[in-house]
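Protein chains: 4
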Amino acid sequence: MIAVLKNGTSEKQLEGLLNWIESLGLTVHLSRGDYQTIVGLVGDTSRVDEDLLRSLDIVESVKRISEPFKSANRKFHPDNSVVKVGDTSVGGDIFAVMAGPCSVESEEQVLEIAKAVKAAGATMLRGGAFKPRTSPYDFQGLKADGIEILLHAKKETGLPIVTEIMNANHLPLFEEVDVIQVGARNMQNFELLKELGRTKKPILLKRGLSATIKEWLMSAEYIMAGGNENIILCERGIRSYDSQYTRNVLDLSAIPVLKELTHLPVIVDPSHATGSARLVKPMALAATACGAHGLMIEVHNNPKAALCDGAQSLTPAQFDEVMKSVNHIREI
Amino acid sequence: MIAVLKNGTSEKQLEGLLNWIESLGLTVHLSRGDYQTIVGLVGDTSRVDEDLLRSLDIVESVKRISEPFKSANRKFHPDNSVVKVGDTSVGGDIFAVMAGPCSVESEEQVLEIAKAVKAAGATMLRGGAFKPRTSPYDFQGLKADGIEILLHAKKETGLPIVTEIMNANHLPLFEEVDVIQVGARNMQNFELLKELGRTKKPILLKRGLSATIKEWLMSAEYIMAGGNENIILCERGIRSYDSQYTRNVLDLSAIPVLKELTHLPVIVDPSHATGSARLVKPMALAATACGAHGLMIEVHNNPKAALCDGAQSLTPAQFDEVMKSVNHIREI
Amino acid sequence: MIAVLKNGTSEKQLEGLLNWIESLGLTVHLSRGDYQTIVGLVGDTSRVDEDLLRSLDIVESVKRISEPFKSANRKFHPDNSVVKVGDTSVGGDIFAVMAGPCSVESEEQVLEIAKAVKAAGATMLRGGAFKPRTSPYDFQGLKADGIEILLHAKKETGLPIVTEIMNANHLPLFEEVDVIQVGARNMQNFELLKELGRTKKPILLKRGLSATIKEWLMSAEYIMAGGNENIILCERGIRSYDSQYTRNVLDLSAIPVLKELTHLPVIVDPSHATGSARLVKPMALAATACGAHGLMIEVHNNPKAALCDGAQSLTPAQFDEVMKSVNHIREI
Amino acid sequence: MIAVLKNGTSEKQLEGLLNWIESLGLTVHLSRGDYQTIVGLVGDTSRVDEDLLRSLDIVESVKRISEPFKSANRKFHPDNSVVKVGDTSVGGDIFAVMAGPCSVESEEQVLEIAKAVKAAGATMLRGGAFKPRTSPYDFQGLKADGIEILLHAKKETGLPIVTEIMNANHLPLFEEVDVIQVGARNMQNFELLKELGRTKKPILLKRGLSATIKEWLMSAEYIMAGGNENIILCERGIRSYDSQYTRNVLDLSAIPVLKELTHLPVIVDPSHATGSARLVKPMALAATACGAHGLMIEVHNNPKAALCDGAQSLTPAQFDEVMKSVNHIREI
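Residue numbers (the working numbering), protein chains in the order written: chain S, 8 to 339; chain Z, 8 to 339; chain G, 8 to 339; chain B, 8 to 339.
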């Protein structure tokens, strides 16, 4: 970590700063130029409050050299993490595919889709019971009943289930859920993250609407700091200035970047990223080609009933086709 | 609300759509072109699920003509809302100024600042007891003790207090707090918004890091849908591609836009928006000039102690100077 | 094209508008609701000035139903365009790979790289003779001498050459250049686009730093409106709020979107998009997997000379490895 | 300027780097930590090619401490620059107001508007003769005839004129133009900037659609490097993710930031920034309050003719009202 000091810093102020840094257990490297004095902080700087340092009167700017995340950092954990989920896993040899409906609507719907996606090769069943909706007047999900339906489908098919939590008070309902999803809008709901850190459940942490990669890893760090290291990251598109043809911009270069920065597995959700069923296949293939550990894909069973076919959901047949192409790429 | 249908929509599909729309209590206007068929939905469309409509097989695109927010909409409530806070208010004749430290640190600190900002003309005292921090390793606030300190300062000075909530389970601690703040990262924490809708407390709703104006108003709508109409909006800068010189981009044109769209009062936080004390004064003046109902400004009392002077905090003397200039502009 | 009228529009104003629309050779569909009157414009609306329409006193908003680009529009040209370049082409059966150094530095450098990339399977040689640099004090390229060097390498290897133009007055120097590149910063240099529309040269049109897909296609339309239909689009990353780990965000979903909207071929430049050699391979594979018609990749020959190895350039050996993996994906 | 070296850099590589830096006339400060070696470059680093340094094999990251712009830098020119324009000026005691129609349409139109804005207090007349339009099918301006009309209005009213250039080859037409405007889309048309650097004309340099403040100043530097120091900067809104209610986001905090960084005057164009006449007044007041040296405002004379009233143009009466309020703020 480097702090560039302002011109005109007095010797006394400098001394105060150096003493404070050393009191944090860090070593100081001082470099004095004609125009600038630079203070290097050497040691474990992940616990230095960067904002506090920057806020000092005599500091012009601060630059981290090493990353502020520690538990998630590949430097300290060189091997890939494998998150065990029932009999399957994410981040190991298995390519994880979580498929299912956006919202849980009924037992028949979920069971039919679960069987279809299992047959096509999905490794987990996804479905929303608690739904975050921009408008308070939109459908908010079947809630506890939705989780019951998912658990029934899990029993019938053996597929582990993935579903979203919106409130830490609901945790008792998630006891038999295999993977708990944190949605994009809650990526920086730090109170929720802390609670999830106290469980041992695998957590699927979606990237926030306009989160930086660093902020995303710091949110993983919140959960890990509590003792839960079972984190799966999920890229789902970021906000951009152009939303005419896709809802978000799928940031696929985040995949190889994350694989350098962290040992945590990372999957891709092309359905939410693009908002368009036609784009799911090409983006699923691209995500596979650039090294994602898995995919999350929306599948719906009722393409003919006009009122239910989500614009971004695939039919089971389309999903089967995507899986075949994904497997071709995987073989390489 | 307009739905543009895809080419090749059959008469039967069209009939199904029209029946569904009418079942929602809406009237249909149909316009058939050579290339496009357009369906107009007339009536109270705020309760129509836009995503559901867009997701229909036969629908190419959907455009709202009227806004999806209702309680917050100026069309239905032409008069400005005035939110009463103790003996003062926001949105009426009084120009609201909430000033105080970023974080509550000690009783002495808060009391000294409270007296100073009151003398300079602040109408409320702000201070953070629960602090949302990007890193789990950074200072998280004094929590319940911090609220006690604020309440003490309220008692001493008579200034109503504003402080942030991060978890609905903490609500009992906020019973004597005058204005509950929802931070940018929780703007779409819908579960928290719903809980706040069940109280009658004035809520200061900060704009999300990259929230659209519409999403922001929909979050206000979440609180209002629960019965709490005491909402104060607070613009605090939005994320942009250029963060070299300012932390965010202060979106001041949102002020006159909001004054057209909604009857709710809107204030501006130039401290968090810019992250730089030097920019607080010009941006406070600009906010006043373009019609904001008030300001939220960080003030700290200890500019000489190098380790405490927040880069974005004003000294009491600087704050006094800002208040004088703001009042000059207000007089016009 | 739809215009939503403001409430309070008089019959006389409406009549004036309808007459004007009909004077443009378009048909009008009128839909009157209780709250809104909607005017549909039917016919060839690509030549309607959308801003002018929106600017009318009585118009609340305007929405295009059909796209404003015509020559580039796949609706009117359903078959893929194939741009012939010497003995090769872009957009047909051949997967186009343009490889070479960022800047032309010397004859030896260019010739050595040209031979290496040809051996690895590149179909064209790229290299910058005129360099757009953010700072006037940075190296601006070898200019005319650089083009001479590229032409020499073309003669030696048979590879067609691609190089950037920054000034229409330089066109005489580009007479033997095979593909003229328009850089991101000139994507809306309309005067340059018009001049290139008067030539018959293949044009590689890079996406602007923060251009929407529609703006990009409108820039292609500028060239095509002049009579030159030999356009190759090149996605090279867009500006986002997060540039810590990649220079830009590579917008790969633009590839399948463009393949729906236009018949023009589109290639991907992973080198400029990411700014990091380590990310070139995964993103080249992803681009191939989602359907790009080709790639543009920076290759440099001097990895051992510390001062010349561009952070985003591959060595010839790395490029060869990328080509092998790309070809594996192509085979599927 | 600081370069952080990669771990594993050999002594020989380090020595090569240090020799190279010293060959540029700079001094080196070396700081070796356990984890990181940091090289400080001391001296005039504005001519160091940052990309080249970053691209070195052994360099992990580069950070500029001092700004890369020199002629525009306030550090080296502490006093405000005043750009003389005819009998008036920008950046001195006079508050510059450039007003007039978006496009020059006819002699009568321009003359009527010119007289009206002069009476209301405008100091210059603006009007577009060459119009950059996103679509090749939209009106491209009256070109040379448009300039003739502006010069006629100048003669009649004495107001200096401001008009946009799109092509350096048109420079002979601009001989009697007082201020040459470079539009947002040409802010990084470096060839045009270089040509303008060879003239002595005052240049109004608009900020690019998504230009950083640093890029904008570097574009000013391009003109100044050629010898023309008569630059006026113009903030006109930047691209954001939310364009539902305003075309761009007016970045007013750029005004006080620029006043710290550069001695060049900076004005604000609220008309293009917001795209809405109703927002021009509040944003003009805000711009004045935060210290802009002037305004550029669109005024049109024909509000009753429905087909000509630009959504973002004021009537002369509205402009007069804006000027009165702006002057009230200026008096403080």
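There's no promise every hint is true.
The list treats identical chains as one, so a pair stands whether inside a single copy or across any two.
When the alpha-carbon atoms are kept at most 27 angstroms apart in a straight line, the in silico DSSO-like pairs for lysine-lysine are as follows [said to hold, decoys possible]:
| # | residue 1 | residue 2 |
| --- | --- | --- |
| 1 | Lys13 | Lys77 |
| 2 | Lys150 | Lys77 |
| 3 | Lys162 | Lys150 |
| 4 | Lys13 | Lys201 |
| 5 | Lys82 | Lys19 |
| 6 | Lys77 | Lys138 |
| 7 | Lys208 | Lys91 |
| 8 | Lys138 | Lys201 |
| 9 | Lys13 | Lys82 |
| 10 | Lys19 | Lys122 |
| 11 | Lys70 | Lys82 |
| 12 | Lys221 | Lys122 |
| 13 | Lys138 | Lys70 |
| 14 | Lys82 | Lys150 |
For the record, the hints were derived by calculation from the structure and aren't laboratory data.
Consistency of the hints with the structure:
When the C-alpha separation of lysine 13 and lysine 77 is checked against a cutoff of 27 angstroms, the pair qualifies only between copies, where the shortest distance is 19 angstroms, while the shortest distance within a copy is 30 angstroms. Taking the closest pair of Cα atoms, lysine 150 and lysine 77 come within 27 angstroms of each other only across two copies (25 angstroms); inside a single copy the shortest separation is 35 angstroms, beyond that limit. Only within a single protomer do lysine 162 and lysine 150 lie at most 27 angstroms apart by alpha-carbon distance; the minimum there is 19 angstroms, versus 43 angstroms between protomers. Taking the shortest Cα distances, lysine 13 and lysine 201 never come within 27 angstroms of each other, neither inside one copy (37 angstroms) nor across copies (35 angstroms).
Proximity of lysine 82 to lysine 19 under the C-alpha cut-off of 27 angstroms is restricted to the inter-copy arrangement: shortest distance 26 angstroms between copies versus 37 angstroms within a copy. For the homomeric pair lysine 77 and lysine 138, the shortest alpha-carbon distance between copies (21 angstroms) is at most 27 angstroms, but the shortest distance inside one copy (32 angstroms) is not. Proximity of lysine 208 to lysine 91 under the C-alpha cut-off of 27 angstroms is restricted to the intra-copy arrangement: shortest distance 10 angstroms within a copy versus 45 angstroms between copies. Taking the closest pair of Cα atoms, lysine 138 and lysine 201 come within 27 angstroms of each other both inside a single copy (21 angstroms) and across two copies (14 angstroms).
Within a single copy, lysine 13 and lysine 82 get their C-alpha atoms only as close as 32 angstroms, which misses the 27 angstroms cut-off; across copies the closest is 14 angstroms, which meets it. Within a single copy, lysine 19 and lysine 122 get their C-alpha atoms no closer than 72 angstroms, and across copies no closer than 31 angstroms, so neither meets the 27 angstroms cut-off. Taking the shortest Cα distances, lysine 70 and lysine 82 sit within 27 angstroms of each other both inside one copy (19 angstroms) and across copies (23 angstroms). Within a single copy, lysine 221 and lysine 122 get their C-alpha atoms no closer than 38 angstroms, and across copies no closer than 39 angstroms, so neither meets the 27 angstroms cut-off.
Only between protomers do lysine 138 and lysine 70 lie at most 27 angstroms apart by alpha-carbon distance; the minimum there is 23 angstroms, versus 39 angstroms within a single protomer. Proximity of lysine 82 to lysine 150 under the C-alpha cut-off of 27 angstroms is found in neither arrangement, the shortest distances being 40 angstroms within a copy and 34 angstroms between copies.
Hints 4, 10, 12 and 14, counting from the list given before, are not met by this structure.
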